[in-house]
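Peer 1: Each chain is listed here by its residues.
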Amino acid sequence: MTQITMEDVSKYFDDGETVANYRLNLEVEDGEFIVFLGPSGCGKTTALRLVAGLEDPSEGAIYFDGQRVDGRSPSDRNVAMVFQNYALYPHMTVAENVAYPLKIQGVPPDERDRKVEEAMSFLHIEDQADKPPAELSGGQRQRVALARAIVREPSVFLLDEPLSNLDAKLRQEMRSELKRLQDELGITTIYVTHNQEEAMSMAHRVVVMNRGTIRQVAPPGELYSRPRTEWVARFIGSPPMNLLRGTRQNGSIEFGEAGSVDLRRTSPGGLETVPRGTVSLGVRPEDITVETDPPSGTAAIEGTVDTVEPLGEYTIVNVAVADQIVNAKVSSTSVDREDRVYLTFDDDDAYLYDENGELLS
Amino acid sequence: MADDTHSPGEPTPASSRETDQYLPPDAIPETAPRREDDVATRLAAAVPSMPRLLKYAIAITVAVLWIVPFLGLFMASFRPLGEILAGWWHVEGMTITLENYTRAWSYQTAPMGRALFNTLVVTVPAVLVVMLLGAMAAYPFARFEFPLKTTLFFLILLVMAAPPELVAMGNYNTLREIGLFDSYMGLILVHIGWGLGWVVLFLRNYLLGIPVELEEAARIDGASRYQIFRTIILPLSTPALVSVAVIQFTWVWNAFFFPLVFMRSPELYLAPQVLPLMTGRIQVEWGLVAAGSVMTMAVPVFLFLVLERYYKQGVVAAVTD
Chain L
1 MTQITMEDVS
11 KYFDDGETVA
21 NYRLNLEVED
31 GEFIVFLGPS
41 GCGKTTALRL
51 VAGLEDPSEG
61 AIYFDGQRVD
71 GRSPSDRNVA
81 MVFQNYALYP
91 HMTVAENVAY
101 PLKIQGVPPD
111 ERDRKVEEAM
121 SFLHIEDQAD
131 KPPAELSGGQ
141 RQRVALARAI
151 VREPSVFLLD
161 EPLSNLDAKL
171 RQEMRSELKR
181 LQDELGITTI
191 YVTHNQEEAM
201 SMAHRVVVMN
211 RGTIRQVAPP
221 GELYSRPRTE
231 WVARFIGSPP
241 MNLLRGTRQN
251 GSIEFGEAGS
261 VDLRRTSPGG
271 LETVPRGTVS
281 LGVRPEDITV
291 ETDPPSGTAA
301 IEGTVDTVEP
311 LGEYTIVNVA
321 VADQIVNAKV
331 SSTSVDREDR
341 VYLTFDDDDA
351 YLYDENGELL
361 S
Chain D
1001 MADDTHSPGE
1011 PTPASSRETD
1021 QYLPPDAIPE
1031 TAPRREDDVA
1041 TRLAAAVPSM
1051 PRLLKYAIAI
1061 TVAVLWIVPF
1071 LGLFMASFRP
1081 LGEILAGWWH
1091 VEGMTITLEN
1101 YTRAWSYQTA
1111 PMGRALFNTL
1121 VVTVPAVLVV
1131 MLLGAMAAYP
1141 FARFEFPLKT
1151 TLFFLILLVM
1161 AAPPELVAMG
1171 NYNTLREIGL
1181 FDSYMGLILV
1191 HIGWGLGWVV
1201 LFLRNYLLGI
1211 PVELEEAARI
1221 DGASRYQIFR
1231 TIILPLSTPA
1241 LVSVAVIQFT
1251 WVWNAFFFPL
1261 VFMRSPELYL
1271 APQVLPLMTG
1281 RIQVEWGLVA
1291 AGSVMTMAVP
1301 VFLFLVLERY
1311 YKQGVVAAVT
1321 D
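Going line by line, the protein sequences match chains L and D.
Letter 334 of the first sequence, counting from 1, is numbered 334 in my numbering, and no numbers are missing.
Letter 51 of the second sequence, counting from 1, is numbered 1051 in my numbering, and no numbers are missing.
Next comes chain L alone, as it looks inside the complex (with noise of 0.2 Å):
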């Protein structure tokens, strides 16, 4: 099994007109799942096709157990990968589609069957196995590519939006089927995508991209409890944190009309860390409770209910606070639009970012 490092990797398209990513530094562990999230043209997939070797960097290095690899061809680097369309070929059966690597690499045609077959029955796919692709459902099509990638026992698996392209059921089916199946084999993987719900589900470690780089690396659990920027804050979760803009005046966090929030109740490191002037607070929508009187002792943030969307499991309530709209994740309500609410929260659950979007304290 391999670990993979990228160090300073840099890909410019275009002679340098187009910045695709930009110093890439990531360290991926033996049999580890890595997911790259990010909105679409965020560099996510054309990082993958570098450690695929389908491009080369422009600049920096990438290692396979301390071995470097760029400039080497994909088949030296026995890496797989599933595309988003899942590039089957078209003038093959299912069969000859999963016997395609091996025929390649000229493992003779006995071990080449048993293999196969193997691959067929791990993914359920033996009774589409004379088959041509497309003659099968999307579902179907995705296990034959699966196959196809774990037939030769890859040292790395690639996978770029592989559920794109699937109905909703499907793709939560596919979803614990594909970590069933890096679990079982262990193989070190990189996945890319641009749902955060894939990502955060099947994830050990999240790579959070932007703008060609790494905004983030992070456990799902910490991503979502950490965010170390508003941007990253704003990316994970849905609806995604909320962020109030606010004047920092002493010892306390101004909202003009809706009130002001006590600094001490959100920065534990003590009043010096958080600078004077604009400040951001982000509250997740979950962690927000919508009152209708105003609660006795605690500072509440005070607001007009814009609109409230009952999606059945629970309620998201829009809360204009001063010239922001604020959600509240809520499993029932009693509120109507116009009714004034006020907006309470745990201390453990504000986070503050000062102006340029860094976590503080």
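It should be emphasised that the hints constitute simulated quantities derived from the structure, not laboratory data.
Mixed in with the good hints there might be a few duds.
Covered stretches of chain L (chain D as the covering partner; in silico rule of three or more C-beta atoms under 8 Å from a C-beta of chain D) [stated by the list, open to error]:
# : segment
1 : 69–81
2 : 92–106
From the structure, some residues in chain D lie toward chain L, with a derived Cβ separation under 10 Å [as the list claims (entries may be wrong)]:
# : residue
3 : Pro-1147
4 : Ala-1217
5 : Ala-1218
All C-beta atoms in this analysis are idealised placements derived from N, C-alpha and C, irrespective of residue type, glycine included.
Based on the hints, put chain D in the right spot on chain L.
Peer 2: Coordinates of chain D only, in the frame set by chain L:
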């Protein structure tokens, strides 16, 4: 049951609407319900409108104009000269004979049998080599980056624009010098060179439509460039290669000008060259010319009919996946 789906002002009674709203599973038909129209309505629907009739009329006229000369040729090839001179369209008292064919096959100055053999010897290699070389040249133009790519491609297009008469002179001299004038090989080479231009253009455009991911997947699977070309690109290009084969075959088979320039010895004459010789000295032997023509064109037509199925299959497969 509360009326929770309709506004209370609606005239329909709530209870009947309630039962109508959801169909039981067995009320959903397997096939679309047949419409029970009377004969008059169906007749009216089947009669085309005036503008549509006009379109049909034009289409049929063009089709007939297209087919009549061929029909005439075909009829003439099976009838004695006397009947042809009276007009091939007179069908009463028609004599059907194969004499024209047998005479044409072994016509003394230029036997059709020999000519057809020569044509086949020239055409088959000229088609196969052009397919292989064309695909090999088109692939880099579709996928690789190399210096002067655009310029070279433009040159190919430029050569295609030249008339055959222009290249004939140069080729004539070259073939004379290297001793390939008046030989199968010489003519084959000229046809390969002449056909390569459009074949490269045609195949390049087709190859551009093959998803790059397939090649990347093959690269990841460990295939070399050559293996990718042989196991992925060539099989996926079958429909385009079949089209190239049919078009190039027809072109080389029917070519008149190139054999006329480059084939001097009568025993090396090709079929299209032989046809005009069959007109005879005193009287034009229409029957012989017609039989010769039918024999000549039978081969490309047959080829097209046979390959059309594959061609269609390939195109459909290429579109659906």
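Peer 1: Run through the hints listed earlier and report the numbers of any the structure violates, in increasing order.
Peer 2: 3
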